[in-house]
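Protein chains: 2
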Amino acid sequence: MPDARSFTRLVTALPATVPFVAPEALERHRGEPLELRLGANENTFGPSPQALAAMRAELERSSWYGDPESYDLRNGLSQRLGVAMENIVVGAGIDDLLGLVVRAFLDVGECAVTSLGAYPTFNYHVAGFGARLEFVPYRDDRNDLEALAESARRHDARILYVSNPDNPTGSWHDAQAIAALLDALPEQTLLLLDEAYVEFAPTPPLPLDAEDPRVIRLRTFSKAYGMAGMRIGYAIAERSTIAAFEKIRLHFGVNRIAQSGALAALADRTFLQGVIEGVARGREEYAELASSLGIATLPSATNFVAFDFGTPERARAVADALLARRVFVRMPGVAPLNRLVRVTVGTPDERRRFARVLKAVTP
Amino acid sequence: MPDARSFTRLVTALPATVPFVAPEALERHRGEPLELRLGANENTFGPSPQALAAMRAELERSSWYGDPESYDLRNGLSQRLGVAMENIVVGAGIDDLLGLVVRAFLDVGECAVTSLGAYPTFNYHVAGFGARLEFVPYRDDRNDLEALAESARRHDARILYVSNPDNPTGSWHDAQAIAALLDALPEQTLLLLDEAYVEFAPTPPLPLDAEDPRVIRLRTFSKAYGMAGMRIGYAIAERSTIAAFEKIRLHFGVNRIAQSGALAALADRTFLQGVIEGVARGREEYAELASSLGIATLPSATNFVAFDFGTPERARAVADALLARRVFVRMPGVAPLNRLVRVTVGTPDERRRFARVLKAVTP
Chain A
0 MPDARSFTRL VTALPATVPF VAPEALERHR GEPLELRLGA NENTFGPSPQ
50 ALAAMRAELE RSSWYGDPES YDLRNGLSQR LGVAMENIVV GAGIDDLLGL
100 VVRAFLDVGE CAVTSLGAYP TFNYHVAGFG ARLEFVPYRD DRNDLEALAE
150 SARRHDARIL YVSNPDNPTG SWHDAQAIAA LLDALPEQTL LLLDEAYVEF
200 APTPPLPLDA EDPRVIRLRT FSKAYGMAGM RIGYAIAERS TIAAFEKIRL
250 HFGVNRIAQS GALAALADRT FLQGVIEGVA RGREEYAELA SSLGIATLPS
300 ATNFVAFDFG TPERARAVAD ALLARRVFVR MPGVAPLNRL VRVTVGTPDE
350 RRRFARVLKA VTP
Chain B
0 MPDARSFTRL VTALPATVPF VAPEALERHR GEPLELRLGA NENTFGPSPQ
50 ALAAMRAELE RSSWYGDPES YDLRNGLSQR LGVAMENIVV GAGIDDLLGL
100 VVRAFLDVGE CAVTSLGAYP TFNYHVAGFG ARLEFVPYRD DRNDLEALAE
150 SARRHDARIL YVSNPDNPTG SWHDAQAIAA LLDALPEQTL LLLDEAYVEF
200 APTPPLPLDA EDPRVIRLRT FSKAYGMAGM RIGYAIAERS TIAAFEKIRL
250 HFGVNRIAQS GALAALADRT FLQGVIEGVA RGREEYAELA SSLGIATLPS
300 ATNFVAFDFG TPERARAVAD ALLARRVFVR MPGVAPLNRL VRVTVGTPDE
350 RRRFARVLKA VTP
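Taken in order, these protein sequences are the chains called A and B.
Numbering-wise, the first sequence is residues 0 to 362 according to numbering that gives the first Met the number 0.
Numbering-wise, the second sequence is residues 0 to 362 according to numbering that gives the first Met the number 0.
Chain A on its own, in the form it takes in the complex:
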């Protein structure tokens, strides 16, 4: 009997796809645990001991809802970043905030522009809210800022989504280039700037001008701060944009322990600096390892390195061989990036183990 209760037209029409297969799913599928988890750019240096201590203490209050305003954290961010609290909203990670921005800005059928092969969760949300995507190919393994702006103009885009530093290439455009992109955008296009990896960037990002209505910056505690499992990130935007988010966001969506850990993590600059330096050393090690095996790598402004195996076939073979040895990495699915294998910078011990396995599987 067909059931009269029906999904929305939009949901009915959506394909059943999921942006990512998680390492846990790989483990279940393979029936054995992974040895090295280097595919999701989790920060294996972990959270700051101060953040861990704060979270441990806050567990005693886990029966209390978190503050829906994330007041203390927004206050801390405000002081750290020099923007007003009214310019900050906290969400359950950038994935959550991407959905919020898409929902707030894209009417059904409206257009968003992104690089072909860029972070797929943005695309997932655009499809999920019934808007449409225009793709611009990467150029020399970097976001092609001029072509992205041109596409935004041509397609009357409401959002241009750019990750900078970029995922999955690791590439970086400096502040001047992003400022030029902003100036090149048509008036109706919002720049959604995903800065998940910004703490690892080699030069300062575009200065924060929180009252600039042309751009929303997304940042997270998942990467440099090592708190991916806690699901907490934030957006910086002009205050009327934040006020619009307040009308639709999930007010009790952020975990109380995460709020407390993020605030403590923010204060521990020494630990953060150590992570950044440790990751920089790791990137160099990966480049040397690759070079010693005759493999190219892309320059990286993130906590991962894209190893360039030249062809999709070779990249696939290496990724499969790594997984067979219980090493989880990721391979971008779309040409021309599908000749890359993206490897998270692990701890020194993890890097030694990765080097051993990579040497063993590289022909």
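Some hints here could point you the wrong way.
[Claimed, not checked] Label-pair distances were calculated between CB atoms; the ranges are:
no., chain 1, residue 1, chain 2, residue 2, range
1, B, ASP208, A, ARG79, 49 to 59 Å
2, A, ARG238, B, PHE134, 27 to 37 Å
3, A, PRO212, B, ALA179, 49 to 59 Å
4, A, ALA52, B, ARG131, 46 to 56 Å
5, B, VAL20, A, GLN272, 33 to 43 Å
6, A, ARG79, B, ALA183, 52 to 62 Å
7, A, ALA334, B, ALA179, 56 to 66 Å
8, A, PRO136, B, ASP208, 43 to 53 Å
9, B, LEU207, A, ASP143, 48 to 58 Å
10, A, GLU245, B, GLU31, 17 to 27 Å
Calculated directly from the structure, the hints in this document are not laboratory data.
Every residue, glycine too, gets a C-beta built ideally from N, C-alpha and C.
Position chain B against the provided structure of chain A, taking the given hints into account.
Just chain B now, kept in the frame of chain A:
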């Protein structure tokens, strides 16, 4: 200069309202901490020690994303509840799941029915997705199931939202009454059954028939399990409904520590039973306290008791006087429920302190 970047028509039209003022906001507004936090039905008995231990241990892996499938927890729930894993989705609390259901089932302009003065976050999501609400008054301080079904028929509703046990009245309809409601619903109406407080109910709920497409059950670790701050709950529904949720839900929205705590909490039946018994004693104490002061109370199937002050003026005066003595409680905003003051059952010590303050402020 007017900015050409524009919010969706829907977001532009939405009012700037927030379902709840949080206790933290009250503290900031008043400039002093609260003494007793009895307004959000948090479980002050706390989470199970086993859940706390599991969460403490899992903090060591907080740099790892949670499993987007919440596989282990769904597996545990499946075994506990006797429904298939394919009938379960895990979300960041019932608030999150309410949004998911509304988004999946309500096209713009479609109708949902709810009791007037019921849990407002459902209404928030319905408005947020551009659907419309029809309200049915409470009858004798209970959900009026017949009138709700009649309203669903009259307004061609796609969703009927009922909390059972109910918030804010604490009332309960037994399994037979809910079965009759299901049979009375028109074919196109889905029953969204919010069972946040079901563990406290005096009689068994409607048996789970996960393949019944007419109903979605929502449950949480926020109430009986004492983990409100962790933001984790689940929905039980027919598998094609769960599959539809998979197309739009935030796959990485649930905190890793919460997943691990929920699984451990589920296993600790002894602690849960103790909480349920402790809460039952507390409800009796509240009823006796009220009676000794000449105040009526409503029967409760939850972890709170609605004190009935007869008039909105008297209820408001008492709620204000309690707050002046730093006791946080809630008063439903809508007549005829606005003669009630809703007080969470606290620990024995909290109840003693509450009794002292209530006696002092009751004329």
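Tested hints:
1. B:ASP208 x A:ARG79: 49 to 59 Å: 52 Å, holds
2. A:ARG238 x B:PHE134: 27 to 37 Å: 33 Å, holds
3. A:PRO212 x B:ALA179: 49 to 59 Å: Since PRO212 of chain A and ALA179 of chain B have Cβ atoms about 54 Å apart, the given range 49 to 59 Å holds.
4. A:ALA52 x B:ARG131: 46 to 56 Å: 48 Å, holds
5. B:VAL20 x A:GLN272: 33 to 43 Å: Holds - the Cβ-Cβ distance for VAL20 of chain B and GLN272 of chain A, about 39 Å, lies within 33 to 43 Å.
6. A:ARG79 x B:ALA183: 52 to 62 Å: Roughly 56 Å apart at Cβ, these two residues keep to the hinted range, so it holds.
7. A:ALA334 x B:ALA179: 56 to 66 Å: Given about 59 Å between the Cβ atoms, the range holds.
8. A:PRO136 x B:ASP208: 43 to 53 Å: 51 Å, holds
9. B:LEU207 x A:ASP143: 48 to 58 Å: 53 Å, holds
10. A:GLU245 x B:GLU31: 17 to 27 Å: With Cβ atoms ~26 Å apart, the hint holds.
In this structure, every one of the numbered hints holds.
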